[in-house]
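What follows is the residue order along each chain.
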Amino acid sequence: METKLLTEFYHLEEFKGLEGYKKNGGYAELAKALKMQPQQIIDEVKASGLRGRGGAGFPTGTKWSFLPKNNEPRYLLCNADEGEPGTFKDRLMMERAPHQLIEGMIISAFAIGSKKSYIYVRGEYHYPISVLRQAVKEAYDAGFLGKNILGSGFDHDMDVYSGAGAYICGEETGMISSLEGLKGQPKLKPPFPAVQGYLRKPTIVNNVETLAAVKYIIRDGAQAYRKHGTEKSPGTKLFSLSGNVMKPGNYEVPLGYPLIDLINKEGGGMKAGRKLKAVIPGGSSAPVLTAAEVEKANLDYECLGGMGTMLGSGAVIVIDDSQCMVDMLGVLTHFYHHESCGQCTPCREGTGWLNKILHSILEGKGRLQDIELLEKVADNMKGKTICALSDAAALPVLSFVSKFREEFEFYVREGRSKVKGTTYAEMHH
Amino acid sequence: MFKISEDGIKKIKQELSRYEVKESAIIPSLYLAQKENNGWINTEVICALAEVMGLPESKINEVFKFYTMFNQKPVGKYHVQVCTNISCALNNSRELANHICNELKVRFDEVSPDGRFTISKVECLGSCGTAPMMQVNDRYYENLTSESAMNLLRGMK
Chain R
1 METKLLTEFY
11 HLEEFKGLEG
21 YKKNGGYAEL
31 AKALKMQPQQ
41 IIDEVKASGL
51 RGRGGAGFPT
61 GTKWSFLPKN
71 NEPRYLLCNA
81 DEGEPGTFKD
91 RLMMERAPHQ
101 LIEGMIISAF
111 AIGSKKSYIY
121 VRGEYHYPIS
131 VLRQAVKEAY
141 DAGFLGKNIL
151 GSGFDHDMDV
161 YSGAGAYICG
171 EETGMISSLE
181 GLKGQPKLKP
191 PFPAVQGYLR
201 KPTIVNNVET
211 LAAVKYIIRD
221 GAQAYRKHGT
231 EKSPGTKLFS
241 LSGNVMKPGN
251 YEVPLGYPLI
261 DLINKEGGGM
271 KAGRKLKAVI
281 PGGSSAPVLT
291 AAEVEKANLD
301 YECLGGMGTM
311 LGSGAVIVID
321 DSQCMVDMLG
331 VLTHFYHHES
341 CGQCTPCREG
351 TGWLNKILHS
361 ILEGKGRLQD
371 IELLEKVADN
381 MKGKTICALS
391 DAAALPVLSF
401 VSKFREEFEF
411 YVREGRSKVK
421 GTTYAEMHH
Chain L
1001 MFKISEDGIK
1011 KIKQELSRYE
1021 VKESAIIPSL
1031 YLAQKENNGW
1041 INTEVICALA
1051 EVMGLPESKI
1061 NEVFKFYTMF
1071 NQKPVGKYHV
1081 QVCTNISCAL
1091 NNSRELANHI
1101 CNELKVRFDE
1111 VSPDGRFTIS
1121 KVECLGSCGT
1131 APMMQVNDRY
1141 YENLTSESAM
1151 NLLRGMK
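Residue numbers (my numbering), protein chains in the order written: chain R, 1 to 429; chain L, 1001 to 1157.
Bound-form chain R, shown alone (with noise of 0.2 Å):
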C-alpha cells in the first residue's frame, strides 16, 4: 500500500499556490523550523537516517556536516536536472507541491547557515520552472523569502535556474560548472563540493525530494520517520514506475517495499497475456534483475546493493517477455555515448565503442568474439574517470549480457532477435 507522507495531499489543485499550501499544513514547519538552533535541525536530519534521494542515497545529515565551521558563504543547490531515465518524481513535486520544496529548502538553508540557493531544474521542464518561479515569486510576497524572514533575523535568497539538455548536470559538480556558465563538465574530487563548490564557496547539493522530506522530518520528528521504512533505509519514497505495466506512474512507499509488490499491487500487474522479463529497478544505470530475482527484491538501498544492482532515483523500469533485450540495451548505450561529456578518455571512447559494437550486433554483422568485447570494454570503463557516467554506461551492458546472454548469442549467430524473429532494422525502420 502507499504510504502518503510528501504525496498526502498531491490530488488538490490548490496545494499547487500558496493559499492552498498554507491551508493543508504549508510552512509551519518553516516557522518551527525558524525558532529551533540550527544545529538541532542537522541532528534531527542525521537522526532521520534520510538519504539522498537522488540517486546515490548518501545520507543528508552526514553530507550537511561536511561544510567547514566557519562563517564562509555558502550555497545550497537543488538538485532539479532530473534526467535519468526512467525517472520522473521531481517532475510531479515541483508541478504539484511547488511550495513544500521551497519550504524543505528554506529550512535546510537555516541549518546550514546559507543565505543563497538555487533551483537547477533540466531546461526541457519548461512547466515546472514557470510553476516554481510563480511559486518562488508568491514566497517573497508572503515574507518566506528575502530578508528577516518571519522576524527570525534570517535572509535568503532563492532563484530557479534552467539547464539546457544535458545528462551529466545532474551529477554534482557537472551542475556546478553549469551554474557557474560553463560546459557542465564533473569537477575531480576531492574537494568535494561541501567544501569547494559553486565559485569555490562551500555548496551543498541536494535532490528535490530529499529536501522536501526534511519538512517531515522537522514536522514529525526523526523517530517518527524513522517508523516507516527499515533500519538502515527510513522513510518512504517516490518510485516511478514505467514500461510494460498496466499502471504506470509514481507510487509514494516505504522504503523495504517489495518490488513485485509495486509491480502488481500499485502497477496493476503486466498487460494481458504478458509475462515479466526484467526490471531495471533504479533508472536506467542500475544493472537488470531477471524475473526470478524480481520476487526476492524490496526496494531498500541494503537489499537491492546486495543483488548487485542499486535503488538509485526509485524508476522501476518493467519489461515483458515481448521484449528484445538486445534491442533495449542498444537504446542504452546509445544514450550513455549520447551524454558522455567527453572530458575522461576511456567514457569518451569507452560508451562510443559500447554503441558500435552494439549496434554492429542489431545490425546482423555481430561475431561471437563481439560478446566478450562488449564485457572486456564495460569492464574497462569502471572506477576509471571523473565522475560516475562512465560506471553508469558500463553496468547495464555487464548486467544484460551475464543475465541474458542467450538473447546476444542468438541474435549473433542467426543475425536477427530470438523474440521479434527479425533484425533492428526490420523491428524500427
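In case anyone wonders, no lab produced these hints; they're calculated from the structure.
Please note: incorrect hints may appear among the correct ones.
[Unchecked claim] Computed list of chain R residues with no C-beta within reach of chain L, every gap over 10 Å:
no., residue
1, M1
2, L12
3, A222
4, G269
[What the hints assert, rightly or not] Derived DEER-like restraints, expressed as beta-carbon distance ranges:
no., chain 1, residue 1, chain 2, residue 2, range
5, R, D261, L, D1114, 49 to 55 Å
6, L, R1018, R, K22, 37 to 43 Å
7, L, E1062, R, L188, 36 to 42 Å
8, R, K137, L, R1116, 31 to 37 Å
For each residue, glycine too, the CB sits at the ideal point set by N, CA and C.
Given the coordinates of chain R, work out where chain L should sit on it, guided by the hints.
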C-alpha cells in the same frame, strides 16, 4: 546580419546582473537569442551575444555547443521531439517517430518543405509514466498513439 532586439538587450543586461558571475547569464541569453533567430544559433548570433555580454565568443560558443537544447541548424516552426529512450521505447516510441516522419514526409532533423516541422528523436524527457510522448516546442504531449499524435500535428499550422 543578426541583431538582438532592444528588448532582448535589456533582458540580457538583467541576466548579467542577476548572478554572482557574468558567465551564468550565457545559458539564459542563448535561449533568448535562439528565440529571436527563429529557433537556432549560428556564428553571427554568437558574435552578437559576445558584444552585448562583453564576454569572449569562445566562452559563449563552448556553452552553445555543449547543450542539446541549442539548435546548431535551422528547425521548423514546430520542433517535434519524440523521446526514444527506454521507457518510451518499451511503448513503441521509435515506431511512432518513424510514423510521424513518414506521414509528414520529412527526414529526421530536417525541416519540412513548408517550413512547419522538424522531427527529432531525443533522450529521456522525464515523461516515462505517460509514454510514448513528444515535446513540441515548449509543450509536452503524452500518452500518444499514432493517430492522436498525427491529429495534434496536423492541427499545428
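Consistency of the hints with the structure:
1. No Cβ of chain L comes within 10 Å of the Cβ of R:M1; the nearest lies about 19 Å off, and the non-interface call holds.
2. Annotated as non-interface, R:L12 keeps its C-beta farther than 10 Å from every C-beta of chain L; the closest such distance is 20 Å.
3. Listed as a non-interface residue, R:A222 keeps its Cβ farther than 10 Å from every Cβ of chain L; the least gap is roughly 31 Å.
4. The claim that R:G269 is not at the interface with chain L holds, since no C-beta of that chain comes within 10 Å of its own (minimum 15 Å).
5. In this structure the hint that R:D261 and L:D1114 lie 49 to 55 Å apart at CB holds, the actual value being about 51 Å.
6. Judged by the Cβ atoms, the range 37 to 43 Å given for L:R1018 and R:K22 is violated: they are separated by roughly 28 Å.
7. The given range of 36 to 42 Å is broken by L:E1062 and R:L188, whose C-beta atoms sit roughly 19 Å from each other.
8. At roughly 35 Å, the beta-carbon separation of R:K137 and L:R1116 lies within the given 31 to 37 Å, and the hint holds.
Checked against the numbered hints above, the structure breaks hints 6 and 7 and satisfies the rest.
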